[in-house]
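S.K.: Add chain G to chain U, keeping to what the hints say.
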Amino acid sequence: MRVVIVGAGEVGSSIAASLASSHEVVVIDNDPTRVDELTYDLDVLAIHGDGTDVDVLQEAGIGDADLLIASTDDDHTNIVISGTAKACCSSFTIARVKKPQYLRTWEPNQGAFGVDFMVCTDLLAAETIVGVIGLPTAQDVDLFADGIVQMTEFVIPEDSPVANQTVREADRFDSLTFAAIIRENGDERDRIIVPSGQTVIEPGDEVVVIGSPDSTREFSSSIAPEEERPREVVIVGGGEIGYQVARLLEDRGFSPRLVERDEERARWLAENLPGTTVLQSDATDRAFLDRENVGMADVFIATLENDQQNLLATLLAKRLGADRAVAIVDTGEFADLFEEVGVDVAVSPRDATAEEITRFTRARRAENVSIIDGDRAEVMEVEVDTDSAFAGRPIREVAADLPEGVVVGAITRNGTLITPRGDTVIEVGDHVVVFVDSDAVEEVNAMI
Amino acid sequence: MRVDWRTVLALVGTVLQALAGPLVLSALVAFGYAESPVPFLLPAALALGVGLVFARLPSRDIGIREAFLVVALVWLAVGTVGALPFLLAGTGVFANPVDAAFESMSGITTTGATVVVDFDAHARSLLFWRALLQWMGGLGILVLAVGLLSQLDVGGAQLMETETQTQDVTKLTPRIEETARLLGSLYLGLTALLVVVLLVLNVVGLGPNMDPYNAVTHALTTVSTAGFSPEPASAGAFSPVVQWVLVAFMLVGATNFVLLYAVTRGRPRRLFQSEEFRFYLGVLAGGSALVALVLAVDGEFGSVEATVRHATFQVVSIVTTTGYATVDFDLWSPAAKHLLFLGMFVGGMAGSTTCSLKAFRWLVVAKTLRRDLFTELHPEAIRPVRVGDRIVDEGTVRDVNAYVLLGLVGFALLTVVVVVQTRGTGVGEFEAMGIAASTFLNIGPAFGAAGPYGSYASLPTTTKWVLVVLMWVGRIEIVPVLVVLTPEFWR
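Just so you know, the protein sequences line up as chains U and G, in that order.
Its first residue numbered 563, the first sequence is counted upward by one per residue in my numbering.
Its first residue numbered 10, the second sequence is counted upward by one per residue in my numbering.
Next up, chain U with everything else stripped away, as it sits in the complex:
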């Protein structure tokens, strides 16, 4: 597949990097130094120029391209790039936007602006945050099969009752499969373990489970039993992401508090968020944080303008006693650093966007894909057809043929969840959600 990516910022580069190995990638950027860097760093063709210029697009071979990804930092530019590409050729266009208002226009009229697939960075980041905070210790959540199946990545805390149990002991839930354990400590550094019944879950492990949202919630509370559904949620920073987080939380029945410094913006937020208490103050003002009992918060979410402020605010809130802190991190590389110094979950909108776009390009084969832990594994949803190696066979048999690092996590048949067991027979038309180590992705794709 020939892919043209316009905009080689963090998002564009990240997408380019994950597509470069299996596709022909052309990157356009108007910053010559970045173009140079890309040329040396990745196996891609980097072109210097303005992506809204039809000549530049043609130079990049837009006529032969299957896919155009507009991923500059500017919404309008991305929309114009898509429109331009659509005007001169038939490639599939993906545009990244920050403002949800464009998504709202696009969603009911897909294809509007010449955009075939639109990814809204801020909304995506907000959805990620909201998905994560409902489940204690969850790091990442993705839905499959129209929401019947959920993939969740949990961190096992030091004092968790589940720590040092075997998978068999921990797995007391009907419709839940332990797909993988990612262990980053001790001798087995950075290893993805496909668990068996005897595998011992260690504190600090990241456990990937696939199953029904209900079972996932139950498992979540067995990891951290004393933590219930959070009640007190404090959001600092009323930018687009903060606003979207509050809005999504309101939809889920929360009554969050939202702190915004700018008076005019605070007023706007108060008017547009009927279920949220908007407070106008500086989020790093100790006296204010004390007065508002921010230390009592179950979840503290920082969505301020820059990484430093977010880090400062979350650390302050943690010190005051907030249970769980989630921070937006603009520079994706800092995410790990944030989580190391005490932020419980760091969400990078850019990473999330890159992941969503990559996920979409891969999902054009599968129904849906979730990318685990950078790019080390995928969870994908596949509809089984007659040609599939899965069709009509029990899982025990199928498993024997599958490469290492592959786990069948869930099956849905006619909209209901079937927990896969050894003797479960997979039928044509079933949706299968599988966890796949990235090394095995190609092989699994060929089989299904």
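Simulated from the structure, these hints should not be mistaken for lab results.
Glycine included, every Cβ here is placed at the ideal spot set by N, Cα and C.
Don't take every hint at face value.
Every beta carbon over 12 Å from chain G, so not counted as near; a handful from chain U, in silico [to be verified]:
no., residue
1, GLY709
2, ALA832
3, PRO836
4, ASP892
5, ILE957
Simulated restraints, written as ranges between beta carbons of each label pair [as the list claims (entries may be wrong)]:
no., chain 1, residue 1, chain 2, residue 2, range
6, G, ARG379, U, ASP603, 38 to 48 Å
7, G, HIS387, U, THR978, 22 to 32 Å
8, G, SER248, U, ARG814, 48 to 58 Å
9, U, LEU874, G, PRO388, 18 to 28 Å
M.R.: Just chain G, lined up with the frame of chain U:
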């Protein structure tokens, strides 16, 4: 910025000449009952003549000053012309100019306080005119006249805004004339419906005593939540079924007409989505239950139905500022009377025919108070005041709070005036408060001599003049009068 008097007079003239129509209609009624049509035809000729002269004055687009003046003057002018038939008929108390003026102002402002002592002393056409005045005052002459005014190429919207305050009538249709026409036909339709319902009840035997004359006059004064009845016993002269029907129509009359319009357009859910409507119904239900409880404890009525009916009727009648009565509630225990007295300050919904302070304003006051308590604890919190889904902008919040305060202070001061003036006439302080509230808030009956089965006739002449002014100020919601009285207005 000088006031453009010619434009103001031209607009007042336009309304005045339109008044000839209802006067002629009353003359026809007089003709039908073989009474003298002269008391109506003379004022009709006068209204037409003066109106025509004024209306021909060159008018321009009106500004805010002119709008305030027009609002203030139209009610005064119509009140004055409306008094002429009473004076010309000169029967009973009406021979006295102050009583004629009182009855007319009470009518056009939909107050319903009456000076009539002996109902048989007056021509039926005169009592019809009284009801018709109330019906015209109901939705506001101005709203009805907007159609006319907008044809004059002057700022109808300006007037509409001054007249209707919290009501967003202008949003009903893009054109004001069309909006006025829709609201007018809704008003007319409701009145016609009530006439039909009452007549049907009469025919099937459920409403004895509800002849066509009573049906029409009561329909005119029920939908307009005004309350003049040609029967000495007011609604007490009719059967329980008729009383329940009147309760229903008082409720409808005190409901925002924009919502009623939505209901007629097949969107009944709009009604219950309105927080003001739920609040208004809640107040009525709660108030009725309380009064019924008091009456039950007092053993006022034999049956549960009668207790509930009389309690509900009186509460609805007072809260919607109609002022009908089914019994002489002045004879009730102090607890029940005090509850009714408090009910006088509530009023129906904004954008209806009702007067008083109105449910919308109380809702805003309550929410402001709640917000203030919240921000005591959270000084940084920003909380817009919301009524339903709509955010009430801070300017309106301030206006509403100021208005409620103004209304209450105004009421307190007026009580003093009434107390002082009625000294030695046997009017107690509670009665004086009732009279001040009832006229200032355009309700009608009060307590004591001015009670539901009594009359304001016995009050001193100066007091009656004061009350005439009170009714006028109350109906146009104080502000235009105060604005016109400021030196700033004339600068």
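S.K.: Does each hint fit the structure? Answer for all of them.
M.R.: Results of checking the hints against the structure:
no.: 1; hint: GLY709; verdict: 29 Å, holds
no.: 2; hint: ALA832; verdict: 4 Å, violated
no.: 3; hint: PRO836; verdict: 6 Å, violated
no.: 4; hint: ASP892; verdict: 26 Å, holds
no.: 5; hint: ILE957; verdict: 51 Å, holds
no.: 6; hint: G:ARG379 with U:ASP603: 38 to 48 Å; verdict: 59 Å, violated
no.: 7; hint: G:HIS387 with U:THR978: 22 to 32 Å; verdict: 47 Å, violated
no.: 8; hint: G:SER248 with U:ARG814: 48 to 58 Å; verdict: 55 Å, holds
no.: 9; hint: U:LEU874 with G:PRO388: 18 to 28 Å; verdict: 23 Å, holds
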